[in-house]
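Chains A and B, in that order, give the protein sequences. For the first sequence, the tail end lands on 343 under my numbering, and the numbers increase by one without skipping. For the second sequence, the tail end lands on 289 under my numbering, and the numbers increase by one without skipping.
Keep in mind that the hints were calculated from the coordinates and are not lab data. Hints are supplied without guarantee of correctness; some may be wrong.
Claimed, not checked - 35 angstroms max Cα-Cα, derived DSBU-like pairs, lysine-lysine: (1) B:K10 x A:K334; (2) B:K54 x A:K307; (3) B:K191 x B:K53; (4) A:K307 x B:K201; (5) A:K337 x B:K201; (6) B:K54 x A:K139; (7) B:K53 x A:K139; (8) B:K201 x B:K54; (9) B:K115 x B:K54; (10) B:K112 x B:K201; (11) B:K10 x B:K53; (12) B:K53 x A:K307; (13) A:K337 x B:K168; (14) B:K115 x A:K307; (15) B:K112 x B:K267; (16) B:K54 x A:K337; (17) B:K201 x B:K187; (18) B:K191 x A:K139; (19) B:K187 x B:K10; (20) B:K201 x A:K334; (21) B:K10 x B:K115; (22) B:K54 x B:K187.
Only a predicted model underlies this, so the values are computations on that prediction, with no experimental measurement involved.
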Amino acid sequence: MRDSLPLVRALREPTSVEALTGSQWSELISIARAESLIGSLAHRLQNVSVPDRVRAVLQDAIEAHDLASQQALWEADCARRALADYRGKIVLMKGTAYVAADLAAGVGRSIGDLDIMVARDDLPVVESALLDAAWEWVKPDPYDDQYYREHMHELPPMIHRERDRMIDVHHTTLPLTARPTPDAQAILDNAIALENGLYVMAAPDMLLHSVAHLFADGDLAGGLRNLWDINLLVRQFSDADEEFWMELNIRAKTHDLVRELERALRLAARLYETPVYRFSAGQTQFADYFYVRRLLARDGYGRETRKLTRFAFYVRSHWLRMPPLMLARHLWTKWRKGGTPPK
Amino acid sequence: MAEMHQILLKIGPAAFRIASAWRRPLEELEALYGDYPALTDSSVDFTVRLEPKKPWRRFIRPSVHIGGDFWLPDAAPLPLAQGLLAAEMGMNLQMALGWRRHLLLHASSVEKDGKALVMTGLSGSGKSTLSAMLAERGWRFMGDEFALLDLETGDLVPFPRLISLKNKAIETMQQVVPEHRFGPEMKATPKGDIRHLIPPKAAVARMDETARPALLLFPRFGHAPELRDMGQSEVFVRLTQASTNYVALGESGFEALTRFVDQVPTKAMDYQSGEQAEALIESLWSKLP
């Protein structure tokens, strides 16, 4: 298998896997594990007939992800208790938010760090409360620390001393140096309270955060999973609310993410057959081809392929995050410190 | 991307696809695993990848990077001459990080009369060598690296991969086992000198046959022979450390481990030679119910 299309096909159309041979199954499983989509795939294939050994592998994934979501909710609750005296809103983000809000996108999703968002002015209060509650800096480096504080959308990562779990405290959804400038205050104002006092973003903001994360913030690593989130969020939100598309279009303008939203919807429709509103998705663009090429750059052994395409997107991710002069300064400093660029 | 060669292996309940940029490690595996049963279909639990970190390292001072479905970010590459070791390490890594169908203990095990002896301890304790030695003296070899505990029944499930002999254990076993059951000798690997040993035929033929855990030992090589009692809480904590997936299994891991500690008599065993160990083990084994 030369690309990760088998995974996309299995997610899109679960019954299609009934035709797979044993070795095609092995390839599908390797790709799904490498793309952190094995939990989602396992849930998707629950009512499809599969070979015994594959069933066991999928059942393992379901159980592993059940435990992971339980741990993610526990970690969110630990943060809530550490910040009990904080009066502002604490908004859960990404995987933890999907699970906490009981969304389809949370089912079987892999969750790593805890991501929360608070008001930018409150960062010092939140930071010191977390430090008091046994979180500590992961890599205390003065340059990195200053860089995060001046230019990023989050504090440098912290890790809990005993539980060994990371927390990323955001104050907006994109680096301050990125071209689009999402309206962080609007996100906080519209956030929805959960029963335990924590918040999640309102539906359009949640989707747009996922979009921002995919197209304006990274090199598309983990892009297939990110796009699968987008697919599930779109399906669930647009089914539940007739006004969703209208609100989404308004919010995309508020957050300066119209182009990114359009591209996300086109690619989701193309790969996962997401039912999108034509007006929001726009016309197919030539560049879409490169995005698809990058998203599918993995072979049946789970290896990363298409090194040149990957590298191009890596360069692009820095380009999007920083103006040229700043990028040059950043790379120069990093190079002098003997660091290698992240993979 | 460069082509990969691959073979499939079944060891106990687990099936592996080993993919490699070079033929040589796979040919070595094929020779050593030749008598193991073939997979009935080609779907597997895990894929292991042996590949060069950079394309030119396929040819120039070839160096094997261990990857696969589950991997560690800081695994050091090995020279191609140690590719067999890399494959074994890759399979162990998949089990340690990915297996959830049993509680995994870093332990060796052997069986007699349907009852299993489990031996665990730090590396250098001699647990692997003891299992290899007992396997030549009337016990059935079940595994030298991982003991798999069934989460429901508490039974021990065999995982009889190749026995990985280190340093002095190689010579000890060469005196007992014919040459054709040994793999190539690998000098000065990150784990010392290594030579793999094919388990006895019965161990492979009966690799789907479980056993009841009957005795747990914490062997320690190099001290005057002695058996000591251990408190249950100490045993429990040491086994949580010896388990690679205790945390990942959550509640079912906790239940399986508490039951194991409750039901299986345990001793710490010091010894200076194989004969001493065998005598101590026999003295305990004969008194078991």
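Going down the list of hints, with the structure as the test:
With a C-alpha separation of about 47 angstroms, the suggested pair B:K10 and A:K334 falls outside the 35 angstroms cut-off, and the hint is violated. For the given pair, B:K54 sits about 12 angstroms from A:K307 by alpha-carbon distance, which is consistent with the 35 angstroms threshold. The straight-line distance between the Cα atoms of B:K191 and B:K53 is roughly 21 angstroms, inside the 35 angstroms bound, and the hint therefore holds. Only pairs whose Cα atoms come within 35 angstroms are accepted, and A:K307 paired with B:K201 is rejected, the gap being roughly 46 angstroms.
At most 35 angstroms may separate the alpha-carbon atoms for a hinted pair to count; A:K337 and B:K201 exceed this at roughly 57 angstroms. Our distance criterion of 35 angstroms between C-alpha atoms is met by B:K54 and A:K139, whose separation comes to about 28 angstroms. With a C-alpha separation of about 26 angstroms, the suggested pairing of B:K53 with A:K139 holds against the 35 angstroms cut-off. Distance hint between B:K201 and B:K54 is unfulfilled; the C-alpha atoms sit about 40 angstroms from each other, more than 35 angstroms.
For the given pair, B:K115 sits about 49 angstroms from B:K54 by alpha-carbon distance, which is inconsistent with the 35 angstroms threshold. Annotation: proposed proximity of B:K112 to B:K201 holds, straight-line Cα distance about 15 angstroms (limit 35 angstroms). A distance of roughly 27 angstroms separates the Cα atoms of B:K10 and B:K53; the hinted pair therefore holds under the 35 angstroms criterion. Restraint check: the Cα-Cα separation between B:K53 and A:K307 comes to about 13 angstroms, which is no more than 35 angstroms; the hinted pair holds.
Taking the CA atoms of A:K337 and B:K168, the gap is about 45 angstroms. The hint is violated against a cut of 35 angstroms. Taking the CA atoms of B:K115 and A:K307, the gap is near 53 angstroms; set against the 35 angstroms cutoff, the hint is violated. Restraint check for B:K112 and B:K267: satisfied, since their Cα atoms lie roughly 18 angstroms apart, inside the 35 angstroms limit. Of the pairs offered as hints, the one joining B:K54 and A:K337 holds, with about 24 angstroms between alpha carbons and a cut-off of 35 angstroms not exceeded.
With a C-alpha separation of about 27 angstroms, the suggested pair B:K201 and B:K187 falls inside the 35 angstroms cut-off, and the hint holds. Taking the CA atoms of B:K191 and A:K139, the gap is near 31 angstroms; set against the 35 angstroms cutoff, the hint holds. Among the hinted pairs, B:K187 with B:K10 is consistent with the structure: their alpha-carbon atoms are about 27 angstroms apart, no more than 35 angstroms. For a cut-off of 35 angstroms, the pair hint linking B:K201 to A:K334 is broken: about 57 angstroms separates their Cα positions.
Under the criterion of a C-alpha separation no larger than 35 angstroms, the hint pairing B:K10 with B:K115 is consistent with the structure, at around 24 angstroms. At roughly 25 angstroms between alpha-carbon atoms, B:K54 and B:K187 fall within 35 angstroms of each other, so this suggested pair holds.
Of the hints listed earlier, those the structure fails to meet are numbers 1, 4, 5, 8, 9, 13, 14 and 20, in rising order.
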